[in-house]
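Start from the sequences and build out the full structure, keeping to the hints where you can.
Line order of the protein sequences matches chains A and B. Letter by letter, the first sequence follows residues 1 to 76 in our numbering. Letter by letter, the second sequence follows residues 1 to 264 in our numbering.
Worth flagging that the hints you see were computed from the coordinates, not collected in a lab. The reader is advised that the hints may include incorrect statements.
Straight-line alpha carbon distances no greater than 35 Å define the calculated DSBU-like cross-link-like pairs of lysine-lysine that follow [what the hints assert, rightly or not]:
1. K169(B) / K118(B)
2. K93(B) / K38(A)
3. K31(B) / K21(A)
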Amino acid sequence: MQKAAVQEKTAITLTVNGERKSVRATTPRELLAELELKGEFFAIAVNRHVVAKARWNEHVLANGDSVEIVTPRQGG
Amino acid sequence: MLELYGQRFSSRLLIGTARYPSLTVMQEAVKTSGAEIVTVSVRRENAGGKDGDTFWNIIRELNVKVLPNTAGCYSVEDAVSTAQLARELFNTKWIKLEVIGDKATLQPDVVGTLEATKILLADGFEVFPYCTEDLTVAKRLADAGCKVVMPWGSQIGSGKGIVHEEALKRMRAELPGVALIIDAGLGAPSHAAKALEMGYDAVLLNTAVAGSGNPVKMAKAFAQALEAGRAAFEAGMMKPREIAQASTPIAGTPFTNPANARSS
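Shown next, in the form of structure tokens:
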């Protein structure tokens, strides 16, 4: 019963790249792992503010956050 | 030498990395073009999360300067946020700013572009704004602090060349201290030569090479055209005349009476 309560507390709903997702991750680093994004070259913005790579282990994601995860791509 | 925000380049071509038949062809075309600057974009990562890595490793092998764009942004807010993500991703202050105002023509929203330019310059970016042939807008961008301004030749991907020639000549004359780059609409190497003959500092193109029958060969053709166009500008071209003027000397033409000799 208590365990379920803890899980309830830690699962949050985020909008990731435009899609609503329920996740257990609490940081951008954990989010990449949970979404199985295995590349190295990402930039991440939470609620339109860039979170520097150096802070991916520290920045705490909150319920309702909107997260953009982007990579380099072809462009003109 | 081409100078952009204090950095010098020997090539006057900025080339896009999109729409090639394959990444291998893209890489070969960029090498052949001699371009030292390539444009790239930022996009959401897909499931699996390695598409970005594959592309980025190929770009890094080229050992070129990267100019990220804000392509696809229709608002100041989106363009500014995208620029900030690009700065983080590519570790550069350079940004090719596109704030698009119309889906059909991909015409820049020049009001939004100026607004976003001011925000980004204040945030430490070195902005390469994509704009129209409008002289007032170009002047405002330069006044805001842009050392580079990039008016279109014609609509993005149209391949029509320089359709706003008179206005763009005027812009060149009015903004002597700004690096001016024709961005968008070029289709043939002769269009690129023309831009440099007009005194433009460089051209930015993508589809003209990527969408050609042989991108690697076309990349070479553009490099040669740019070299010719720049040399012509530096040499100083003759002034056009309304009527003919014989190039062969008239004096001594056989069978003529020197008293009433006429040119032919």
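Below or equal to 35 Å on CA atoms is what counts here, so check K169(B) against K118(B). holds, 26 Å
Would you mind confirming whether the straight-line C-alpha gap from K93(B) to K38(A) stays at or under 35 Å? The given pair, whose Cα atoms are some 27 Å apart, holds under the 35 Å limit.
Hey, K31(B) versus K21(A), does the alpha-carbon distance stay inside 35 Å? violated, 42 Å
Hint 3 from the list above is the single one not met by this structure.
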